[in-house]
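Number of protein chains: 2
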Amino acid sequence: MSKLQSRSKLQSRSKLKIQPVKGTRDFYPEDLSVQNFYFNKAREIAKRFGYEEYDGPILEPLALYEDKSGEELVNEQTFILKDRGDRKLALRPEMTPTLARMVAQKQAELVKPIRWFNIGPRFRYEKPQKGRSRQFYQWDVDLIGEDTPEADGEVIAIAATFLKELGLTPNEVKIKVNDRRLMEEKLKLIGITGDKFLKVLSAIDKKAKMEQDEWQSWLSEIGLTHSQIRDLQGILKDKDFSQESESLTRIFSTLSDLGLSSFVEFDPSVVRGLDYYTGTVFEACEVSGEFRSILGGGRYDNLVATVGGNPTSGVGFAAGDCVLEEVLEKYQKISSVKITSSQVLVTVFDEARFRISIQLAAKLREAKINTSLYLDPKEKLEKQLKYADAKKIPYVVIIGPQEEAKNEVALRDMNKKTQENIPMESLIDYLRRRS
Amino acid sequence: MSKLQSRSKLQSRSKLKIQPVKGTRDFYPEDLSVQNFYFNKAREIAKRFGYEEYDGPILEPLALYEDKSGEELVNEQTFILKDRGDRKLALRPEMTPTLARMVAQKQAELVKPIRWFNIGPRFRYEKPQKGRSRQFYQWDVDLIGEDTPEADGEVIAIAATFLKELGLTPNEVKIKVNDRRLMEEKLKLIGITGDKFLKVLSAIDKKAKMEQDEWQSWLSEIGLTHSQIRDLQGILKDKDFSQESESLTRIFSTLSDLGLSSFVEFDPSVVRGLDYYTGTVFEACEVSGEFRSILGGGRYDNLVATVGGNPTSGVGFAAGDCVLEEVLEKYQKISSVKITSSQVLVTVFDEARFRISIQLAAKLREAKINTSLYLDPKEKLEKQLKYADAKKIPYVVIIGPQEEAKNEVALRDMNKKTQENIPMESLIDYLRRRS
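Protein sequences appear in the order of chains A and B. Note that the working numbering gives residue 380 to position 380 of the first sequence, counting from 1, and the numbers run on in steps of one. Heads up, the working numbering is the position in the second sequence plus 1000, with the first residue counted as 1.
Rather than coming from a laboratory, the hints here were simulated on the basis of the structure. Among the clues, some could well be false.
[What the hints assert, rightly or not] Quick look at which bits of chain A chain B covers, simulated, 3 or more residues with Cβ under 8 Å:
#1 40-53
#2 79-92
#3 255-262
#4 357-365
[As the list claims (entries may be wrong)] Calculated pairs, DSSO-like style, for lysine-lysine (alpha carbon to alpha carbon, straight line, at most 27 Å):
#5 1338(B) with 112(A)
#6 368(A) with 1333(B)
#7 416(A) with 1112(B)
#8 1338(B) with 47(A)
#9 1368(B) with 41(A)
[Unchecked claim] Beta-carbon label-pair distances, calculated as ranges:
#10 434(A) with 1376(B): 48 to 58 Å
#11 434(A) with 1237(B): 47 to 57 Å
#12 1386(B) with 211(A): 49 to 59 Å
#13 422(A) with 1112(B): 22 to 32 Å
#14 1419(B) with 250(A): 23 to 33 Å
#15 1332(B) with 434(A): 35 to 45 Å
#16 1040(B) with 169(A): 27 to 37 Å
Note that the Cβ used here is the ideal one computed from N, Cα and C, for glycine as well.
Pulled out of the complex, with its shape left as it was, chain A reads as follows (with noise of 0.2 Å):
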């Protein structure tokens, strides 16, 4: 049985007085170890590329999502509160428009292109479900002040080498690009423009969660005629025509220089959701199709603008835990994770001696040795060796009278399951070398 599924299993079980928020999550260590696995690697891979991390208020002004976000993302999807001057606010569902909202602020100052990441909180109103939490956590990447398609090449670059060095495989994994520019010439040549254009994006986006029927019913309601609906049909199953498109082109181009090729394709049924993207659009999968995507972004050059800033190009993507968690799950690259604890446990001979081990233990960590110290004197040794045990502790140590007599410590190795008695001064040494 997985962590993951050990954890939900006991959380269903209990019976408290005060239940948590549902579509939150508890993380216990074993829980927040896995997180850690896989956004320290995020982290890492950003400063690898020259990003910097940067942080954002998770209580932003509602009006800042609004008229940028889409209708659904702000009305259905946002947890709103109002504050004591009745003004309202929201849990940001996303980080974007705080990233616009910053960048915009200190434009004068900040050295272009921005590089930046942050790893944090986001929150939707939506039903808890598989690959869905109330709370959730992203990981979001942005280049600001760029807009060769190179820069979007970068972007996707590092989703890329994010998914390989989780050891994911191109077999397990895809980054679907698009370009909305594309779309909107390829959609002229059949009639659809303007306001029709931005409706028919949004189907074109929900296209994978509805039924056939149901999809050529909106199409129609939107105004679609039954050439139009099976002229767009056929576009969206065309993988054979980016080459359209120069930007597209130079970013395969640049994938391809950087080695990524086998991961990222065109896909011209990925237009992406939020209101604000302007041209490039990507999306990474499972290859089965059973989960919702890892991460999604895009190209959004009038965003920055629209808080009120000066216009400024942005490209960037966000990754999420919850999928990405259940697909790390499915293809078993989480099973190496351990969570951190101490090297080794000192513990506590009798009363007498407390006051030797409390000094041992300082002397340790002095040392930057992971150190647990054994609390309870009246406890039997034991249970102190069950505990360390428990607690896949490597290393014991014990002081009876005869190793305070000769300055010695008994040095028990759990794994192992030996014991030897070393010198007291040499202890730090030798778990160092075992470190």
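With chain A fixed as given, assemble chain B onto it according to the hints.
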């Protein structure tokens, strides 16, 4: 001018359409690097004492805080929102109730004692001012399931080690320790018991923030006589009766064994404001008294039972970011913080050589060298060098026609302002030796 002052000045200057929510903070990379400096130190020290990192939801049921955290915190300082089922939710004002809920939920399986820490956002609806924001960050450290005074000593030792390793001295900060059980004994001797005792505790907690007259009238309102008020003031000034408590004596003895005596002192005027403390209480303060406390904590032996678990003892503390930053600023302990950026910038000589630069950047990153790539092939080299300078990137790679012909790169040392040509294949070794 310090970084922090610089930041706040810039923020007040901005004229944006959408202002951030009052009392929240934007963390630009240079600000976040300061926060990472002290919280990474906190993380390191917690692990050195054998503590494991956990996390819980930011949204909790309001009921989790009612009757536990104290009236002021719940009624006046909590951000409250209602979900669509009209249930009252709170943005967590502190972490300990979440911890108690999580422990109660898995009580049978968790190995005791539980040594856990968390670093994350908290929310209080207070008037934003020096040392307070509405969204702030705290480091919480807790030890659950061990009720010896040495357990309290360990937790206080973690706090003291943290302050010490940030470079603060006992002349700059002190941890003041007291015990509510000892205070109960002492106040009983002057006839203050029961309900009156709890009210007097609240008054003691607020003493430092009030005028002498105002404070004395409050005590009169509680029902204290003139002589009781005089006796109480005598007790609060007396620094010499901690030996009447066996628990405090053992705590100070433990801290002496751990070499941390100079950082701690007994202070009967410290009682802490939270209702759930049952024994030891402590707080760390900068010595001049110009700041609020840096961290505060104590023993809470009933909290796990209050949320529905079996009775379990606990002791812990929380350290906030705001006051800590001000104290570190005052004593100039954060001057050495560097912003993480790249070790090298790969420039682009012209459009024809863009692909060579992209491929070289990929090779450097594969070798785990943090690398920025210039993304606009039309930009003059001079401007590319200026970018490296502004971002404090120490090395710049240039590949022009001559370098390309000889399979070399020109490597510029931005600090020494020197440049030399080296074979392409020795670049990785060269940079690794200098990282």
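Hint by hint, here is what the structure shows:
no. : hint                            : result
1   : 40-53                           : holds (count 6)
2   : 79-92                           : holds (count 7)
3   : 255-262                         : holds (count 3)
4   : 357-365                         : holds (count 5)
5   : 1338(B) with 112(A)             : holds, 19 Å
6   : 368(A) with 1333(B)             : holds, 21 Å
7   : 416(A) with 1112(B)             : holds, 24 Å
8   : 1338(B) with 47(A)              : holds, 14 Å
9   : 1368(B) with 41(A)              : holds, 12 Å
10  : 434(A) with 1376(B): 48 to 58 Å : holds, 51 Å
11  : 434(A) with 1237(B): 47 to 57 Å : holds, 52 Å
12  : 1386(B) with 211(A): 49 to 59 Å : holds, 56 Å
13  : 422(A) with 1112(B): 22 to 32 Å : holds, 30 Å
14  : 1419(B) with 250(A): 23 to 33 Å : holds, 30 Å
15  : 1332(B) with 434(A): 35 to 45 Å : holds, 39 Å
16  : 1040(B) with 169(A): 27 to 37 Å : holds, 33 Å
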